[in-house]
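Participant: Assemble the complex: chain A is given as a structure, and chain B must be docked to it using the hints.
Going down the list, the sequences are from chains A and B.
When we follow my numbering, the leftmost residue of the first sequence carries the number 1, and every step to the right adds one.
When we follow my numbering, the leftmost residue of the second sequence carries the number 1, and every step to the right adds one.
Wrong hints could be hidden among the right ones.
[Claimed, not checked] Computed Cβ-Cβ distance ranges for the label pairs, DEER-style:
| no. | chain 1 | residue 1 | chain 2 | residue 2 | range |
| --- | --- | --- | --- | --- | --- |
| 1 | A | R83 | B | F112 | 23 to 31 Å |
| 2 | B | N73 | A | D94 | 40 to 48 Å |
| 3 | A | T2 | B | A39 | 53 to 61 Å |
| 4 | B | S111 | A | E101 | 36 to 44 Å |
| 5 | B | K10 | A | C7 | 30 to 38 Å |
| 6 | A | D32 | B | M1 | 20 to 28 Å |
| 7 | B | K100 | A | E101 | 14 to 22 Å |
| 8 | B | N73 | A | T2 | 55 to 63 Å |
| 9 | B | K10 | A | G30 | 48 to 56 Å |
| 10 | B | M1 | A | L99 | 27 to 35 Å |
| 11 | A | D88 | B | L98 | 26 to 34 Å |
| 12 | A | Q17 | B | L107 | 50 to 58 Å |
| 13 | A | R136 | B | S8 | 46 to 54 Å |
| 14 | A | A13 | B | S49 | 34 to 42 Å |
[To be verified] Here are the computed lysine-lysine pairs in the DSS-like style, where the Cα-Cα straight-line distance is at most 27 Å:
| no. | chain 1 | residue 1 | chain 2 | residue 2 |
| --- | --- | --- | --- | --- |
| 15 | A | K114 | B | K67 |
| 16 | B | K10 | B | K67 |
| 17 | B | K10 | B | K100 |
| 18 | A | K114 | B | K100 |
| 19 | B | K100 | B | K67 |
| 20 | B | K100 | B | K31 |
Simulated from the structure, these hints should not be mistaken for lab results.
Using N, Cα and C, we set each Cβ at its ideal position, and we do this for glycine too.
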Amino acid sequence: MTPSEVCFTSDRANLSQIAEFVAEQARLAGLDEQRVFEIQMATDEACTNSIEHAYDGEPAGEIRVCCYIEDTDFVVRVTDFGREFNPDLVPQPDVTAPLEERSIGGLGLFFMRKLVDDIQFSFDPIQGNQVILRKRRACP
Amino acid sequence: MTRTTRTSLKRCDLITLEGRYDSQSAPELEKALRESMDAGVYRIVLDVSQVTFFGSAAIRVLIMAIKECRRFNRGDVRLASVNDRMRQVLEMAGILPLIKIYDNATLAVGSF
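With the rest of the complex left out, here is chain A:
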């Protein structure tokens, strides 16, 4: 499987197309449907973060989604060229608190971390902001 990269604009309307692209690539890489769902959802949350935080909801920004295989992993790399954000500064939501006390932020990042086997963030003024999501291709 050769790396496959597609560029999208930071328009929320593109999220379903991005999901389809990632699902197709994940199936080609041999992931089962459960894993396909999980990497697809993690990618959706990563792209939503780019749209909402890096580009402040502006639909004209650029988001690149690249899928490839590395060793035992199916990898999705999401790149944007908007404002960088520090994932360590996003408070972790308390998912055990009573509903009345739930704060609204941080859920997307929390989901991303839960859905993949490994996640890395990097920020570079030239190469852009990257989120690298890794999912094992099969059960260990």
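Facilitator: For chain B alone, kept in the frame of chain A given last:
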């Protein structure tokens, strides 16, 4: 493709969800819930049998609506026909034990 349909019943409002609820379409769910609540209806059933994706943006809308409906004990948002994928998302968000789920819309509507 997302379609959200709101039906007013005697006991409650029934909102039927179809398709993908990501950050693009979650506002559609918010609008339907808002219409019910603005009309003073706080007993709401969401039939989610046709949902293919429910992201964090939709979870936020759901939590907001449940909080608002339960205030002053005036109502609740109850779910019908939750599929495995959606159950996983609700569980990840930690809200599965906090909401009422029914096998189908008839049972959920009858619970009010």
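Participant: Now look at each hint and say whether the structure bears it out.
Facilitator: A quick look at each hint next to the structure:
1. At about 45 Å, the CB distance of R83/A to F112/B disagrees with the hint of 23 to 31 Å.
2. Separated by about 24 Å at the C-beta atoms, N73/B and D94/A break the suggested range of 40 to 48 Å.
3. For T2/A and A39/B, the hinted distance range of 53 to 61 Å is satisfied, since their beta carbons lie about 55 Å from each other.
4. Taking the beta carbon of each, S111/B and E101/A are about 25 Å apart, not inside 36 to 44 Å as hinted.
5. The beta-carbon spacing between K10/B and C7/A, approximately 51 Å, falls outside the hinted interval of 30 to 38 Å.
6. In this structure the supplied range 20 to 28 Å holds for D32/A paired with M1/B, their Cβ-Cβ distance being about 25 Å.
7. Taken as a hint, the range 14 to 22 Å holds for the pair K100/B and E101/A, whose Cβ atoms sit roughly 19 Å apart.
8. Taken as a hint, the range 55 to 63 Å holds for the pair N73/B and T2/A, whose Cβ atoms sit roughly 59 Å apart.
9. Separation of K10/B from G30/A is about 51 Å and conforms to the stated range, judged on CB atoms against 48 to 56 Å.
10. Taken as a hint, the range 27 to 35 Å holds for the pair M1/B and L99/A, whose Cβ atoms sit roughly 30 Å apart.
11. One distance hint, 26 to 34 Å for the beta-carbon pair D88/A and L98/B, holds here, with the actual separation near 28 Å.
12. Roughly 36 Å separates the CB atoms of Q17/A and L107/B, a value that falls outside the hinted 50 to 58 Å.
13. The hinted window of 46 to 54 Å between R136/A and S8/B holds, with their beta carbons roughly 48 Å apart.
14. For the hinted restraint 34 to 42 Å between A13/A and S49/B, the CB-CB distance of approximately 25 Å leaves it violated.
15. Under the criterion of a C-alpha separation no larger than 27 Å, the hint pairing K114/A with K67/B is consistent with the structure, at around 25 Å.
16. With a C-alpha separation of about 22 Å, the suggested pair K10/B and K67/B falls inside the 27 Å cut-off, and the hint holds.
17. The hinted pair formed by K10/B and K100/B meets the criterion: a straight-line CA distance of about 20 Å does not exceed 27 Å.
18. At most 27 Å may separate the alpha-carbon atoms for a hinted pair to count; K114/A and K100/B meet this at roughly 24 Å.
19. Under the criterion of a C-alpha separation no larger than 27 Å, the hint pairing K100/B with K67/B is consistent with the structure, at around 13 Å.
20. Annotation: proposed proximity of K100/B to K31/B holds, straight-line Cα distance about 22 Å (limit 27 Å).
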